[in-house]
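Residue numbers (full-length UniProt numbering), protein chains in the order written: chain A, 1 to 378; chain B, 1 to 378.
Heads up, some of the hints might be wrong.
[What the hints assert, rightly or not] Here are the simulated DMTMM-like cross-link-like pairs (lysine to aspartate or glutamate), alpha carbons at most 25 Å apart as the crow flies: (1) A:Lys8 / A:Asp277; (2) B:Lys186 / A:Asp277; (3) A:Lys186 / B:Glu234; (4) B:Lys186 / A:Glu2; (5) B:Lys352 / B:Asp277; (6) A:Lys202 / B:Asp11; (7) A:Lys3 / B:Asp374.
Calculated directly from the structure, the hints in this document are not laboratory data.
There are 2 protein chains.
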Amino acid sequence: MEKISRTKVIDLLTREDFGALVNVKGWVRTRRGSKQINFIALNDGSTINNVQIVVDLANFDEEMLKLVTTGACLSVNGILTESVGSGQRAEVQAQEINVLGACDNTYPLQKKGHSLEFLREMAHLRPRTNTFGAVFRIRHNMAIAIHTFFHERGFFYFHTPLITASDCEGAGQMFQVTTLNLYDLKKDESGSITYEDDFFGKQASLTVSGQLEGELAAMSLGAIYTFGPTFRAENSNTPRHLAEFWMIEPEVAFNEIEDNMQLAEDFIKYCLQWALDNCRDDIQFLNDMFDKELIDRLNSVLSDSFIRLSYTEGIKILEEAVAAGHKFEFPIYWGADLASEHERYLVEDHFKCPVILTDYPKEIKSFYMKQNDDGKTV
Amino acid sequence: MEKISRTKVIDLLTREDFGALVNVKGWVRTRRGSKQINFIALNDGSTINNVQIVVDLANFDEEMLKLVTTGACLSVNGILTESVGSGQRAEVQAQEINVLGACDNTYPLQKKGHSLEFLREMAHLRPRTNTFGAVFRIRHNMAIAIHTFFHERGFFYFHTPLITASDCEGAGQMFQVTTLNLYDLKKDESGSITYEDDFFGKQASLTVSGQLEGELAAMSLGAIYTFGPTFRAENSNTPRHLAEFWMIEPEVAFNEIEDNMQLAEDFIKYCLQWALDNCRDDIQFLNDMFDKELIDRLNSVLSDSFIRLSYTEGIKILEEAVAAGHKFEFPIYWGADLASEHERYLVEDHFKCPVILTDYPKEIKSFYMKQNDDGKTV
Chain A
1 MEKISRTKVI DLLTREDFGA LVNVKGWVRT RRGSKQINFI ALNDGSTINN VQIVVDLANF
61 DEEMLKLVTT GACLSVNGIL TESVGSGQRA EVQAQEINVL GACDNTYPLQ KKGHSLEFLR
121 EMAHLRPRTN TFGAVFRIRH NMAIAIHTFF HERGFFYFHT PLITASDCEG AGQMFQVTTL
181 NLYDLKKDES GSITYEDDFF GKQASLTVSG QLEGELAAMS LGAIYTFGPT FRAENSNTPR
241 HLAEFWMIEP EVAFNEIEDN MQLAEDFIKY CLQWALDNCR DDIQFLNDMF DKELIDRLNS
301 VLSDSFIRLS YTEGIKILEE AVAAGHKFEF PIYWGADLAS EHERYLVEDH FKCPVILTDY
361 PKEIKSFYMK QNDDGKTV
Chain B
1 MEKISRTKVI DLLTREDFGA LVNVKGWVRT RRGSKQINFI ALNDGSTINN VQIVVDLANF
61 DEEMLKLVTT GACLSVNGIL TESVGSGQRA EVQAQEINVL GACDNTYPLQ KKGHSLEFLR
121 EMAHLRPRTN TFGAVFRIRH NMAIAIHTFF HERGFFYFHT PLITASDCEG AGQMFQVTTL
181 NLYDLKKDES GSITYEDDFF GKQASLTVSG QLEGELAAMS LGAIYTFGPT FRAENSNTPR
241 HLAEFWMIEP EVAFNEIEDN MQLAEDFIKY CLQWALDNCR DDIQFLNDMF DKELIDRLNS
301 VLSDSFIRLS YTEGIKILEE AVAAGHKFEF PIYWGADLAS EHERYLVEDH FKCPVILTDY
361 PKEIKSFYMK QNDDGKTV
């Protein structure tokens with residue numbers, strides 16, 4: 001096979017030098033056609049879009065073509081051609097096809113759509129689906145947006161330690177980290193497990209937050225952000241809880257609460273705009289397949305200023321809703337923490353806009369939050 | 001105090017609108033001067049450089065000035081002035097000084113230099129030193145360079161899971177992750193600890209690599225990189241081993257070994273160039289204080305092409321060195337893995353240039369490495 005430098009599908013689909021000899025590599029999504037001409041939809045993950053490979057069957061070996069099935073991995077040399085029917089601007093008239101990896105008919109990702117539950121059982125293959133491909137490409141772009149946003153504003157990316165000896169005693173929600181042989185745990189006279197022989201010479205666990213280190217760094221470098229894995233050993237199966245997730249924590253010296261609120265709003269809008277600018281095809285796919293209001297909602301968050309509201313004002317709105325007949329599962333009153341249903345009422349029903357709630361009762365917030373002059377809120 | 005929008009020191013030092021009223025906030029590094037005029041070196045972490053605050057003592061309250069000591073946190077309003085003596089282009093003639101945080105004389109970071117051993121005992125304060133500030137600013141810039149390099153080349157940033165159930169059995173070098181109560185471990189009939197009640201329902205540990213997931217992602221998305229924390233429970237106190245560190249793993253579909261070597265060389269050069277372009281003051285500090293050849297060495301890596309050499313050729317050079325009288329601690333022969341001293345001889349003594357060694361004996365490399373036609377090397 002003639003060696004031609006590979007072009008990624010995302011680049012191929014915007015090239016206009018029709019007639020050029022190109023090479024494209026990827027995985028077969030579908031193959032269809034007549035007895036004379038076949039059309040192969042080839043995807044290489046660089047974009048959700050496939051490039052159409054047009055195959056004049058008379059020019060190719062029949063045994064080779066039998067291997068061109070869904071999931072097979074191909075290298076194709078051919079002529080870049082203006083397309084009329086593929087839904088894309090460009091397609092490739094195949095001249096040489098090399099099957100780099102064949103794929104028999106037990107390959108589970110056939111043409112039909114698959115449920116997320118089905119795909120959960122094949123985590124090794126699901127990145128090849130449109131849905132997971134879209135999610136991963138968007139997640140990548142959000143990570144780049146996050147770094148770009150903070151870097152452009154003079155924040156330093158700070159890596160806080162994940163294994164910690166802080167707050168190990170009695171922290172039931174943390175994962176313990178150990179190299180001890182659990183079959184041979186040593187105990188002291190009082191019956192307590194001794195950790196002298198453990199890796200760090202003391203009890204250790206996975207941190208639930210880099211905040212403390214982040215604050216120290218901000219008090220030195222001025223403005224930092226963390227962006228890394230975080231762990232919570234909460235045994236709850238809700239869409240809001242993960243045992244392992246990536247969290248962003250900015251810490252800024254000399255910021256007032258107004259600065260923090262502006263930073264949060266600017267940050268979210270920056271990331272949304274980045275997604276719309278750089279992941280349009282992937283977001284359109286999610287909009288079409290999962291959530292018909294997705295793009296409208298993203299645009300609406302971008303267009304409005306976030307509502308900034310005190311907790312006390314928020315409670316008043318919620319109490320008025322109850323008085324007007326709105327039913328909440330959990331009771332709401334001044335002093336209560338807001339449940340998800342209350343937050344959603346304020347955001348989705350009342351304001352139809354993102355809301356920043358401030359000045360919470362000190363009793364339901366952390367000890368280190370700055371207390372207001374009223375002595376009651378933070 | 002009049003409210004003026006804060007200017008970071010890094011921006012202040014390049015401003016040329018002398019005469020402007022500015023606000024600067026930061027921490028006092030030193031204070032010196034006469035009975036009439038004091039000079040405060042103020043640092044806010046945005047740069048290794050301090051801004052000089054010029055204080056006409058007659059204009060300020062004596063009790064307030066007593067609080068302006070090394071480590072104190074200040075907000076200063078003043079006039080931006082062209083500097084003649086501070087080593088910087090601009091300084092600030094103080095008009096108002098507000099001590100945001102005082103600092104008594106037990107503050108351990110006084111003017112004199114401190115050893116790294118001393119600073120190790122005060123991890124909460126050492127980010128305020130020139131050395132750690134420089135390292136953290138450079139580390140931030142390297143992270144941004146890494147993301148920019150891969151993003152510009154169409155790689156997707158991929159977050160691989162850190163908690164894993166793979167390879168738990170007998171992996172002595174991994175950290176076990178558990179929520180089991182170690183005082184009440186359940187065992188089955190054969191005496192084995194049962195993990196049904198552990199968080200994931202099976203034995204889990206911290207991964208030593210995201211490579212497997214990364215390869216799956218590359219086989220879908222085309223080109224990915226990981227960049228995240230990695231854990232090794234190796235109990236060795238060498239400068240080469242850390243229990244927790246951040247690792248980069250690119251995985252690319254369709255790459256040949258030549259492509260991989262070019263990627264590695266381009267990547268390293270891109271990061272070095274970024275450091276020289278964006279961290280010049282911090283690198284100059286490290287050059288002056290720790291390693292007088294640092295900048296020369298970085299430039300030399302940038303200017304030369306990396307040597308690409310087979311293991312067999314490398315062994316030949318090392319054997320010739322031994323024959324010529326060079327002493328190594330560990331014996332060297334075809335089939336032996338290279339020790340650090342051998343690698344350093346090739347890089348520092350023989351080639352004086354980075355070296356990529358390929359085609360190792362299959363016995364000393366992982367099972368999944370692609371075997372060469374000779375049947376002996378990979």
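**Request:** Tell me, in ascending order, the numbers of any earlier hints that this structure violates.
**Result:** Hints 2, 4 and 6 not satisfied by this model.
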